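Enquirer: Model the placement of chain Z on the given structure of chain H, informed by the hints.
Note that the protein sequences, when read in sequence, are chains H and Z. Once you know that position 94 of the first sequence is 94 in this note's numbering, the rest is easy, because the numbers rise by one and skip nothing. Once you know that position 391 of the second sequence is 391 in this note's numbering, the rest is easy, because the numbers rise by one and skip nothing.
Rather than coming from a laboratory, the hints here were simulated on the basis of the structure. Please note that the accuracy of each hint is not assured.
With a cut-off of at most 30 Å between alpha-carbon atoms, the simulated BS3-like pairs for lysine-lysine come out as follows [what the hints assert, rightly or not]:
| id | chain 1 | residue 1 | chain 2 | residue 2 |
| --- | --- | --- | --- | --- |
| 1 | Z | Lys80 | H | Lys66 |
| 2 | Z | Lys417 | H | Lys124 |
| 3 | H | Lys124 | H | Lys29 |
| 4 | H | Lys71 | Z | Lys417 |
Simulated coverage check for chain Z against chain H, where a stretch passes if three residues somewhere in it have a Cβ under 8 Å from a Cβ of chain H [as the list claims (entries may be wrong)]:
| id | region |
| --- | --- |
| 5 | 198-206 |
| 6 | 408-414 |
Here the structure is a predicted model, which is why all the values come from computation and not from measurement. Ideal placement from N, C-alpha and C gives every residue a C-beta, glycine not left out.
Each chain, written out:
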Amino acid sequence: MTDENIITQLSIFINNEPGRLAAIAGILKDFNINVKGFNLAESAEFGILRAIVDEPDRAYDNIRSKGVLVKKTDVIGIAIKDSPGSFFETADVLGKAGINIDYGYAYNSNDFDFLFIRVDDTEKAVKVLKDAKIKLIKKSEI
Amino acid sequence: MAFWNKEIETMPRAELEKLQLSLLKKEVRMMYDTSKFIHDRMKAAGVSPDDITDLKTFRKIPFMKKTDFRDNYPDGLFIKPYEELVRVHVSSGTTGKPTVVGYTEKDLDLWAESLARGMVSFGMSEKDLIQNSHGYGLFTGGLGVHQAAEKIGATVLPTSTGNTERQIQLMRDLPVTAFAGTPSYLFHIADSCEKMGLDMRNDIGIKLAIAGGEPWSESMRVKIQERTGIRVHNCYGASEFCGPSFLECEEQAGLHVWADICYMEVLDENGDQCAEGERGELVVTMLQKEAFPLIRYKIGDISSLVWEKCECGRTHPRLMRLSGRTDDMLVVRGVNVFPSQIESVIGEMPYLSTFYHITLESVNYMDDITVEVELNEPFLTDDMVKLGKMAREVEERLKSVLSISTKVKLMLPGTLKRFEGKAQHVTDNRRYD
Chain H
1 MTDENIITQL SIFINNEPGR LAAIAGILKD FNINVKGFNL AESAEFGILR
51 AIVDEPDRAY DNIRSKGVLV KKTDVIGIAI KDSPGSFFET ADVLGKAGIN
101 IDYGYAYNSN DFDFLFIRVD DTEKAVKVLK DAKIKLIKKS EI
Chain Z
1 MAFWNKEIET MPRAELEKLQ LSLLKKEVRM MYDTSKFIHD RMKAAGVSPD
51 DITDLKTFRK IPFMKKTDFR DNYPDGLFIK PYEELVRVHV SSGTTGKPTV
101 VGYTEKDLDL WAESLARGMV SFGMSEKDLI QNSHGYGLFT GGLGVHQAAE
151 KIGATVLPTS TGNTERQIQL MRDLPVTAFA GTPSYLFHIA DSCEKMGLDM
201 RNDIGIKLAI AGGEPWSESM RVKIQERTGI RVHNCYGASE FCGPSFLECE
251 EQAGLHVWAD ICYMEVLDEN GDQCAEGERG ELVVTMLQKE AFPLIRYKIG
301 DISSLVWEKC ECGRTHPRLM RLSGRTDDML VVRGVNVFPS QIESVIGEMP
351 YLSTFYHITL ESVNYMDDIT VEVELNEPFL TDDMVKLGKM AREVEERLKS
401 VLSISTKVKL MLPGTLKRFE GKAQHVTDNR RYD
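If we strip away everything but chain H, and leave its shape as in the complex, we get:
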């Protein structure tokens, strides 16, 4: 099953003005959305909050209902071992398969360290990573 390894990330677009991020965080709190991992990126004009949440579909509807620009983006969660060379393995497999990593960010849970990555061909990436016996996080594990 490929699908269960494709994680839905929410990309929340935020204008670069003081207090906007706090407003978004307030919305997440009010709707009781649990953020498991996140990353903030900024262009010159606006910021993007990339968040992995426990119920992405509900969270998407909730956030949208507040007039906030949000998009669903497919990412992959890779278990990273606490040892040298672990990230190399993943990057090497994807590189050899001709898959480009757009961005990535780390997330620590009690059990594992995870790397969430966005690639240009998600389904192919899942396949080659699995073939290489690299552990991927499942939707149900979020």
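Expert: Relative to chain H, chain Z alone:
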């Protein structure tokens, strides 16, 4: 006081006005007979060349506008075949379509004559070596100044635009005594000299300058003259006239508009002639043009005209500093920019909404133009590389259409201000003093 053409330049007003009227009648007759455009326009307005007996009846002829050039793109207004033309220049139009202007040999001669009179009027002569930093090419500034300077026997150093360090190097290495360029570029040169530890008064021999191609103020002149020790003379023109055409004399008391070359009307909101010295919309008629008609052309500038004889002895009317525009044309780094051009580029990009905003700033007297555009929601992505690519694509397309660089900011959908009624597309934070 030297003159290039003393007889005509100091002709008593009454005689000059007589000469002007006879040239005007002749030009209207010639254009009526040879230009279908003018013929049809006059016919439609029910006016024939025989009706034109004075300046008042002349006002029956309908106005020409910038859009007439666009509607007749590229060369529909030309009345001479290319065998009889010797040059074509092209400037920016209102909606991406440029304005194309042609010249016969006589047109070029008269253009050079107009500027030659002006150059001599502020003290230029065959002894001067003029560094011409106006762009050479489709823009009229470079070649216009060039041919007039040669006409008076001056020596031209045709540096064209850009490469400021080399410009300054040449000013120091060669006995350059005069300069032509935009006022902002002159400021930029002064700044660069300062950074290089040069004293413009002693390390550089320039004493006279022609500054034009963009709006500037009297206080800017005071500043630049104090800073550099250079006498800086204002210049006015447009490619539709022929190019930069009119200059200030050494008195710096307005631009001498040669009455045997150009008839300039200043009109109020009702289309009536303003009193001398009163501000109004400029309407330009070129009196001896051959390649295409320029009759009652609304250039879009606002200023006033005085006939009072100048201290220098010249009798022709003087045009005061421009004080505004009747349309939304912007002059950015000497280049005409219409918001409609930017709008048409935005319209080409499927990922952009129709909303945009232009902000102009002056940074060290150089114009900076920023265009904020809004993404269409379906194209919104969290991929920074893609966002960067979109911004660069818009910047490149704008550069090719406007001929100047802009900074493009991609904004989130729905964030640019919406207007009820007429949209305010431009914020101009430039200060001219």
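Enquirer: None of the hints should be skipped; say for each whether it holds.
Expert: These are the hints, each one checked on the structure:
About 65 Å separates the Cα atoms of Lys80/Z and Lys66/H, which puts this hinted pair outside 30 Å; it is violated. A hinted pair counts as satisfied when its Cα atoms are at most 30 Å apart, and Lys417/Z with Lys124/H does not qualify at roughly 42 Å. Of the supplied pair hints, the one linking Lys124/H and Lys29/H is violated, its CA atoms being roughly 35 Å apart against a limit of 30 Å. Distance check on the hinted pair: Lys71/H and Lys417/Z sit about 23 Å apart at the alpha-carbon level, within 30 Å; holds.
Only when three residues or more bring their CB closer than 8 Å to a CB of chain H does the claim for the region 198-206 of chain Z stand; here the count is 0, and the claim is violated. Interface restraint, the region 408-414 of chain Z with chain H: holds (6 residues with C-beta to C-beta distance below 8 Å; minimum three).
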